[in-house]
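There are 4 protein chains.
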Amino acid sequence: MSIGVAVLGSTGYTGAELIRLLDAHPHFEILHLAAHSQAGKKVSEVLPSIASQSANKTLAKADDVLPHDVELVFTALPHAAAAKSVKKALDAGKKVVDLSADFRHPNLINYQDAYGLEHPFPELLGSSVYGLTEHAREDVAKTNLVANPGCYPTSVLLPLIPLLKQKLVETSSIIIDAKSGTSGAGRAAKTDLLYCEINESMAAYGLPKHRHAWEMEEWAGAYTGQDVQVRFVPHIIPMTRGMLSTIHLNGKKCEQWHSVLSDAYQDEPFVNVLPLGKLPTTGAVKGSNRCEIGVVALSEAEAVVVSCIDNLLKGASGQAVQNANVMFGLDEMSGLSINAAWP
Amino acid sequence: MSIGVAVLGSTGYTGAELIRLLDAHPHFEILHLAAHSQAGKKVSEVLPSIASQSANKTLAKADDVLPHDVELVFTALPHAAAAKSVKKALDAGKKVVDLSADFRHPNLINYQDAYGLEHPFPELLGSSVYGLTEHAREDVAKTNLVANPGCYPTSVLLPLIPLLKQKLVETSSIIIDAKSGTSGAGRAAKTDLLYCEINESMAAYGLPKHRHAWEMEEWAGAYTGQDVQVRFVPHIIPMTRGMLSTIHLNGKKCEQWHSVLSDAYQDEPFVNVLPLGKLPTTGAVKGSNRCEIGVVALSEAEAVVVSCIDNLLKGASGQAVQNANVMFGLDEMSGLSINAAWP
Amino acid sequence: MSIGVAVLGSTGYTGAELIRLLDAHPHFEILHLAAHSQAGKKVSEVLPSIASQSANKTLAKADDVLPHDVELVFTALPHAAAAKSVKKALDAGKKVVDLSADFRHPNLINYQDAYGLEHPFPELLGSSVYGLTEHAREDVAKTNLVANPGCYPTSVLLPLIPLLKQKLVETSSIIIDAKSGTSGAGRAAKTDLLYCEINESMAAYGLPKHRHAWEMEEWAGAYTGQDVQVRFVPHIIPMTRGMLSTIHLNGKKCEQWHSVLSDAYQDEPFVNVLPLGKLPTTGAVKGSNRCEIGVVALSEAEAVVVSCIDNLLKGASGQAVQNANVMFGLDEMSGLSINAAWP
Amino acid sequence: MSIGVAVLGSTGYTGAELIRLLDAHPHFEILHLAAHSQAGKKVSEVLPSIASQSANKTLAKADDVLPHDVELVFTALPHAAAAKSVKKALDAGKKVVDLSADFRHPNLINYQDAYGLEHPFPELLGSSVYGLTEHAREDVAKTNLVANPGCYPTSVLLPLIPLLKQKLVETSSIIIDAKSGTSGAGRAAKTDLLYCEINESMAAYGLPKHRHAWEMEEWAGAYTGQDVQVRFVPHIIPMTRGMLSTIHLNGKKCEQWHSVLSDAYQDEPFVNVLPLGKLPTTGAVKGSNRCEIGVVALSEAEAVVVSCIDNLLKGASGQAVQNANVMFGLDEMSGLSINAAWP
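Protein chains in written order, with this note's numbering: chain A, 1 to 343; chain B, 1 to 343; chain C, 1 to 343; chain D, 1 to 343.
These aren't lab readings, by the way, just hints derived from the structure by calculation. One thing to keep in mind: the hints can contain errors.
Since the list can't tell identical chains apart, any single copy or any two copies may satisfy a pair.
Computed list of lysine-lysine pairs in PhoX-like fashion (alpha-carbon distance at most 25 Å, straight line) [unchecked claim]:
id: 1; residue 1: LYS252; residue 2: LYS84
id: 2; residue 1: LYS41; residue 2: LYS190
id: 3; residue 1: LYS61; residue 2: LYS190
id: 4; residue 1: LYS209; residue 2: LYS252
id: 5; residue 1: LYS42; residue 2: LYS278
id: 6; residue 1: LYS42; residue 2: LYS165
id: 7; residue 1: LYS253; residue 2: LYS165
id: 8; residue 1: LYS278; residue 2: LYS209
id: 9; residue 1: LYS278; residue 2: LYS190
id: 10; residue 1: LYS88; residue 2: LYS253
id: 11; residue 1: LYS253; residue 2: LYS209
id: 12; residue 1: LYS94; residue 2: LYS142
id: 13; residue 1: LYS41; residue 2: LYS278
id: 14; residue 1: LYS61; residue 2: LYS165
id: 15; residue 1: LYS278; residue 2: LYS57
id: 16; residue 1: LYS88; residue 2: LYS142
id: 17; residue 1: LYS61; residue 2: LYS41
id: 18; residue 1: LYS278; residue 2: LYS165
id: 19; residue 1: LYS88; residue 2: LYS278
id: 20; residue 1: LYS253; residue 2: LYS142
Bear in mind that the values here come from a model prediction, so they are computed numbers and not experimental data.
With the rest of the complex left out, here is chain A (with noise of 0.2 Å):
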């Protein structure tokens, strides 16, 4: 079985790794490669890591016409411009994914707040399903339109549901201090993103109130029904990949978090709550679909949680492979790696 698949936006970051991901897919075929800023150019041009059936494909534009045999469209695009192509695939019968931002906000004033646009097709929110997958997996399944989630929110929900659900966190107190690969900032040339600018630096930012905080505080109270508010700090970090969120909580029963998260994620390929005691690195998951969890009681009532994950591939490209894989009916493990390539 050979599924017609359509990226549009593939020359940034998160594009490259969807490329080499279905590029190595049993099932997904690329038939379609669309760049708005490098529109014409060979995919090997741009991404000279690509060496696969897609390196000789000529980047298309965006916003042309999608052959008739694609069946599914990832759209890694800016957001606002995103909405605007998913709303063509899905008039067209495509299934997609979208890595935007722009269906993962049921609550339009969030969008809003958090990113400053009007959203151009909010009707088609009450269709997109949120695609944490190993909390979403059944309506994955159902539906055409999936949200991938934002990075920094799939590495703090993972760890925070079980523990909201089981109502052991004080949801007034939550601190996140979540630390990120320069490669989440995207390809965009920026001084401040310059090698020199962020090789043997780092530095806090996005205050008072980063994007992903929103995205955070609706999913978490969304799927546990509580209301939650995150302190947020994320940072910048002179590494490529890798994202690590130490989330300093309050609550009860600390003792028990470590048994309440690993029975929760015991049958998940993608989410590993390591022995009680130990910390993740995110060397370990680099590469890899994987998130890793550790878990320290501080005191009865104090916790320190700490999660990492590969940001362009669990936070991004990755679980976008696994919803598809999903909305597919496919293994969910099709084409991605639960080890990471060490070193």
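Using the hints, position chains B, C and D against chain A.
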């Protein structure tokens, strides 16, 4: 004026920085360099970075007799080993700046809990001064023994003390999420400090209670008369130098915190409170003895304070020289840079 | 079809890559993992990157008896130690891919000069095949013992052999200036491999004659019937993976070299000759089993050839799996990626 | 004594280093800082590393009138733009150290070939001095215009000139394989200089003939009276600072080269010939104005010479200050470090 100096423990990273700083210092002159494991070698064999007057000196053993004309001894030795050398130097009438933890804890039980060591000379604790220079200048000027603060405590106490003094901070909910470059872990040959293990990876460590948490609590309390509890989570980051502490705080009048800190440090050359709304980067202090502080009020009762230092300078050898300058009545900035090399 | 495999020496960097590749391989199945120093531990304790079926295996000792159902053994052991394990495996009727240098030198004197070791089983040298796959496919298919090439020789011989075969290169003035990521130096705890010593620094090493120079000369000669001398200067670079060899050559008809190489490798999936005038980057092959080659003619008689590989893949474990695929008549690309992750 | 200084082009990486060095210099005082694109901003807004007296200065435009009391002008402007500012400064009676290439080429045709520019003021070339300080001290002391050498030429000419002067080197087969940290590529926002593109990757570039090859040939010839041809291949390396040139040479009496170089530089504080058999690392010169040289004879007729500098210091701003010291009769080492920070 030339003041004879000895550096004991001169081939680790803090020792290397002491040699670099002291050989360029207008008033101190290194007469004696010692190191346990490398004794007998020339300095430049062990530290290829040194081409100044010390380069051709032969490394003595740390417990050799100190030359008669040494007036000041820096001890950059392992905890407990340092105490013995400090004792000898004091007995011989020298002044001492000790970079180990041996004299940082007036509360012996804390020392024992944090380091798992019996203190060999508890009677000396009474005469040592904790050298957070900006807050201990007068005492440093009078003592023969400065306990040079730890890197994490320096980065945390500088922003915290003025706020605590004004009773603006809720002392029971202080969360410190700190990130350190790898040089803080020292120069010992360990697998988990290899380039390939550290590069492109990051991790939290030191839980449930890192040694420096006791030091922060003890001195935050001592300086301000309050009972301070910190939850402290340090992280190791793939960069050589740089320390960033993100301090998540509750309190009151947070909108005023920026001016409290600006006022407190307005005359301090080595502490720079950034303009309101700006956040510091470690790159801006790398190679300098500067601490940079940024403050963001999230609400009237919640704030984030971020501080950056070079862990080997203001966090170790730079502050050691700053203290030595004060001990000998020199210009406090002698031999120290407030600028960083960029990039 | 499932072919039982053992990996001896599985906790170094090449061993870690073998586990990652083999656990995702459609036809090989790891039955036995061994390591000298880490025997008794679980794989995931030593390699936190592994979460696949091998993660929970217990590491045996490298000289334990091999399970009956193992058909293939990878030896990623230190030089000389490897030979003993190879002998045992061959005696037990297994096929072997040896990643050490023990069977790379038909000329025993070269082996002795390069490694300073007496060879324990010189009689086995006659039956081993040097596995530069693209140039040894037929012999690899027939042998029980493949000597997997060194990383530097792989990066040099691939571009050099076709040019030498056409007698276009002056064989007495070959200069190879090679640069390697630090993973090539292995996982042993040494001060000069610490993160802080490698990061932000580079150096030449291995002069006057690095071990791999003999290997290059011997095999360039063996494949082409010429007496080849190389001047080889390797460098260590602050990055984890990646090897770039800049080959400075004199010869004739240099304008034709690009087409000679393009023709030689046009059907090879793992060797990519870039368009005329383009130069390769190691980033484009990181994580892949690809070798990329660029050629620039400086004049009719002078040229620069640059090649890039991932030193742990095409330079070690990737080529080992490629050879294993050939030995068992499998698709040569099975379990190997031609794409790199970008970034 | 305080000598008033202007820096034109002060917000790139060489400009930043000039500010850092000059603000700590005992005799120079910055009166005027200019930058094209950042005019109107405060220095600390563009260079967060600067907290010294220049931090609060407002950046002027590079073509504004120079203050009356400036005696010395550093031009760190783009090629061709620099020449105009140099002309204006000379006309106003100032001394100038120009860090661009505009006055490095007495041979106008070389300038034109290398930079593709028409020279605006060829008449000034006669009065400029090429400031490779160790070999031009007397002329530098007398001139009003120093053309500060390029980074690669500095790293190559320092080791090469003494050997050429002794007629020990075959001048037709010089091969230079050079590696540079990324700061050499400047601070302009370009996709291929982004952190994620440079990190964990390396590449050769600049073929067939990089601009600096002309400069090397011209000055190797001018200093030694020989016709020197170089084959020069530069590489970009994932590190911020550091330049290593591996010079592959044929010649005669190679066993004596080490003592030729040692003798030539024995009294030079900024050039250090390592003990026989030792090879330099860039880490040992990072942040210093030192050049380190290692020599290995491969035979009587073949040798490898390796040199290391910090490309922004001895390769640019450090040497510029060294030249300025000479021009004003100051201690040549004023304001410059021979030690590197380690690590």
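We went through each hint and held it up to the structure:
no.	hint	result
1	LYS252 to LYS84	neither (45 Å within a copy, 46 Å between copies)
2	LYS41 to LYS190	both (22 Å within a copy, 19 Å between copies)
3	LYS61 to LYS190	both (23 Å within a copy, 23 Å between copies)
4	LYS209 to LYS252	between (27 Å within a copy, 19 Å between copies)
5	LYS42 to LYS278	between (46 Å within a copy, 15 Å between copies)
6	LYS42 to LYS165	neither (48 Å within a copy, 33 Å between copies)
7	LYS253 to LYS165	within (14 Å within a copy, 34 Å between copies)
8	LYS278 to LYS209	between (31 Å within a copy, 14 Å between copies)
9	LYS278 to LYS190	between (38 Å within a copy, 19 Å between copies)
10	LYS88 to LYS253	neither (49 Å within a copy, 51 Å between copies)
11	LYS253 to LYS209	between (30 Å within a copy, 19 Å between copies)
12	LYS94 to LYS142	within (13 Å within a copy, 50 Å between copies)
13	LYS41 to LYS278	between (47 Å within a copy, 16 Å between copies)
14	LYS61 to LYS165	neither (44 Å within a copy, 45 Å between copies)
15	LYS278 to LYS57	between (45 Å within a copy, 19 Å between copies)
16	LYS88 to LYS142	within (20 Å within a copy, 56 Å between copies)
17	LYS61 to LYS41	within (10 Å within a copy, 39 Å between copies)
18	LYS278 to LYS165	within (23 Å within a copy, 37 Å between copies)
19	LYS88 to LYS278	neither (47 Å within a copy, 38 Å between copies)
20	LYS253 to LYS142	neither (37 Å within a copy, 50 Å between copies)
Checked against the numbered hints above, the structure violates hints 1, 6, 10, 14, 19, 20; every other hint is satisfied.
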